[in-house]
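Engineer: Each chain, written out:
There are 2 protein chains.
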Amino acid sequence: MQNQLIELLEVDQIISQVALKTEVITVSLSEAIGKVLAETIHADRDFPPFNRVAMDGIAINYNAIEKGKHQFKIEGIQAAGSPQMTLQDTENCLEVMTGAMLPENADVVIPYEWTRKEGDAMIVEDFNNIQSFGNIHKQGNDQEKGDLLLESGTPITSAEIGLLATVGKYEVKVYAKPKVAIIATGDELVNIEDTPAPHQIRMSNCFTIQSRLQEEGLDSKIFHLKDDYERLKQAIQSLFEEYDIFVFSGGVSKGKFDYLPKVFEELGVSKKFHGVKQRPGKPFWFGVTAKNQPIFALPGNPVSTYLCTNRYLMPWLYKQECISAPLVQKYATLSDEFTFKKPLSFFLQVKAYYDEEGKLWAQPVKGGGSGDMTSLLQANAFLELPGEKSDFSKDEKLPIWFYKK
Amino acid sequence: MQNQLIELLEVDQIISQVALKTEVITVSLSEAIGKVLAETIHADRDFPPFNRVAMDGIAINYNAIEKGKHQFKIEGIQAAGSPQMTLQDTENCLEVMTGAMLPENADVVIPYEWTRKEGDAMIVEDFNNIQSFGNIHKQGNDQEKGDLLLESGTPITSAEIGLLATVGKYEVKVYAKPKVAIIATGDELVNIEDTPAPHQIRMSNCFTIQSRLQEEGLDSKIFHLKDDYERLKQAIQSLFEEYDIFVFSGGVSKGKFDYLPKVFEELGVSKKFHGVKQRPGKPFWFGVTAKNQPIFALPGNPVSTYLCTNRYLMPWLYKQECISAPLVQKYATLSDEFTFKKPLSFFLQVKAYYDEEGKLWAQPVKGGGSGDMTSLLQANAFLELPGEKSDFSKDEKLPIWFYKK
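Protein sequences appear in the order of chains A and B. At position 308 of the first sequence (counting the first as 1) the number is 308 in the numbering used here, and the numbers step up by one without a gap. At position 262 of the second sequence (counting the first as 1) the number is 262 in the numbering used here, and the numbers step up by one without a gap.
With the rest of the complex left out, here is chain A:
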């Protein structure tokens, strides 16, 4: 009846070996954020595409400055978005606006701040910072036409969106996001709209998992399956046809009515492990279907579900680039001593915070049994206390898993 519990390190290795199959789709630019680019992007023209005026002011010919000239008759105005004008007389000037093309025959822009107007001429008052091609963003300075701008496989953030817009990619090839099915099992669960009988509780884990994925921009669908062996099997079989990733909540502890492992076996699922040396979340079950779709079957206690989601599911999704991984510290310093009986690893609910010096601290949150959702509200991360020892001292540096930003 006892399963072999496995080490956390082994869990990480096993899960990381499962790779998601990827599909390339075309989306509009406004749908591309948070996805991964599936084509290479080259510059369609020089960046900037012309000698671009970088300050509002006047454009002149630098030779005139070298000759000691400081007064320039205004020939006209070169606006941004207008075709290039020509400075007819190289001893005159053209007013120029930021973003405009540098006029023909001009090679320096002098900002208005260094000038004053006198009649139909501009007088330059400050010569200190004037240099040839000053305040001009030169054509091709940043990138030349044809340059590689973005490699396929690049996660698309807002910075990439700006670049894609610049080169006119109103449609972009990206990797499709995986279809995630979240499946709640257990006859004790009723819908959130319903009033539970004394022996029942409302479904909540599936919403927690779904919203955790939503926070990272990944959609999913929730299913509730009753503890009826045949119906469970049929339903799961048809989900296998339609979805890419399966997250089960409940149904994998060792109870008589926890049919899931048996259903999985009959459906040709290869069990990778059942039971991890950790608390909460000991009954965590993991396997892959015949088509190599991963199944994360999480224990039904709310805190266990949440821990396994954040400790195993999310990092795997980061690795698959379904979700972009946050830049966070991987270790935090324990603010108070803490004891937990080995040999299970313990995931301690902590409030992580930076002190004035920028050091990341993890402060244990009181309460926090594996059924206690409310303690999760006070905390923002789990601190991983390895099962090799029982006593953890203040100031010890330990792995941290954030679940809030």
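Hints are not guaranteed to be accurate.
Unchecked claim - One-sided and incomplete, this derived list gives chain B residues near chain A with beta-carbon spacing under 7 angstroms:
no.: 1; residue: G76
no.: 2; residue: A80
no.: 3; residue: Q84
no.: 4; residue: G99
no.: 5; residue: A159
no.: 6; residue: Y170
no.: 7; residue: P198
no.: 8; residue: R202
no.: 9; residue: F207
no.: 10; residue: E215
no.: 11; residue: Q329
no.: 12; residue: Y331
no.: 13; residue: S335
no.: 14; residue: T374
no.: 15; residue: L377
no.: 16; residue: Q378
Calculated from the structure, these hints are not laboratory results. A virtual CB, placed ideally from N, CA and C, is assigned to each residue, including glycine.
On the provided structure of chain A, position chain B as indicated by the hints.
Structural biologist: Then chain B, alone, in the frame of chain A:
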């Protein structure tokens, strides 16, 4: 013609004084993630609602253990989701499943792992950890009916979603997200679908801003207005009626064709500042409408736009709780010396990373003129070099503003 440039600190103070008017709306639970709760939530029943079995195993009466009994005849099975059963004979046992109600007359659960089955009875083999109410999550242990669970004003993350589901809040009162209008101005801009003439460029800033907001779960709408004074004024006036926050890109430098400040004035907008002691982003303009809606009018250079978005707009949105602020360090250590001529503050594009010790470093990214979008791709943050001095040494700790996770 020269505006009074203001200090960054002053900018922060002025912007932080503008408060968003808030509206309460009701959304379904699955739409509540990332929003802010606008009602208080109380426990609708005890948490757990009954003495809840925490392990699969057998439920017995503790007196029997005290009397030295170790063999227990099985009366039946108490499943999760079934009404409470009664242990008829307190010297017998009932098999119990995780999540089930503790049977009447039982007060301890012994996990299967400590037992073996023999015929129609269970033999307890390991007495080491057996105690009264062991492996039982007691009714009301976490929360009692009526307890305050969530205050109004709480940001809703996945942890809160789980709790809201548990208490049956399939509909939740939240603060409505603000309606954001992003307005591109400038005749030099063409749509991304179009091929620009030599003097034109494609609109990109508005997509950068929009996708930056999208990354944080905030929708917005993009408008492109041409540099025609009367039409600009009419269009902006009607946007003032419909939207809550305005982000303009371009049109606030000192050019002849940058009509925006004048339009704003005529529409009764109160200008708070125009010009900040910073680079990039010096021409940043900020004001509020007669109805106290904020207007962020950002300079048109791509990097300036992006800097101002991340340095001013996003933190203000965090403060307004339209977006939940990430837990990030506010300072990073410069990895190489850097010089920038004071007195303007300089926002250096950096690649921020944690070293093995968990120290946050900021490494300057080469290139990065204010028009160079591509340098933004290499970097993930801006390091703020205050304008008080010009030389910044390696190992100096400076404020950092992240724009990628």
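Engineer: Look at each hint and say if it fits the structure.
Structural biologist: Evaluated hints:
no.	hint	verdict
1	G76	violated, 11 angstroms
2	A80	holds, 4 angstroms
3	Q84	holds, 6 angstroms
4	G99	holds, 5 angstroms
5	A159	holds, 4 angstroms
6	Y170	holds, 5 angstroms
7	P198	holds, 6 angstroms
8	R202	holds, 6 angstroms
9	F207	holds, 4 angstroms
10	E215	holds, 6 angstroms
11	Q329	holds, 5 angstroms
12	Y331	holds, 5 angstroms
13	S335	violated, 15 angstroms
14	T374	holds, 6 angstroms
15	L377	holds, 5 angstroms
16	Q378	violated, 9 angstroms
Consistency note: the structure conflicts with the earlier hints numbered 1, 13, 16.
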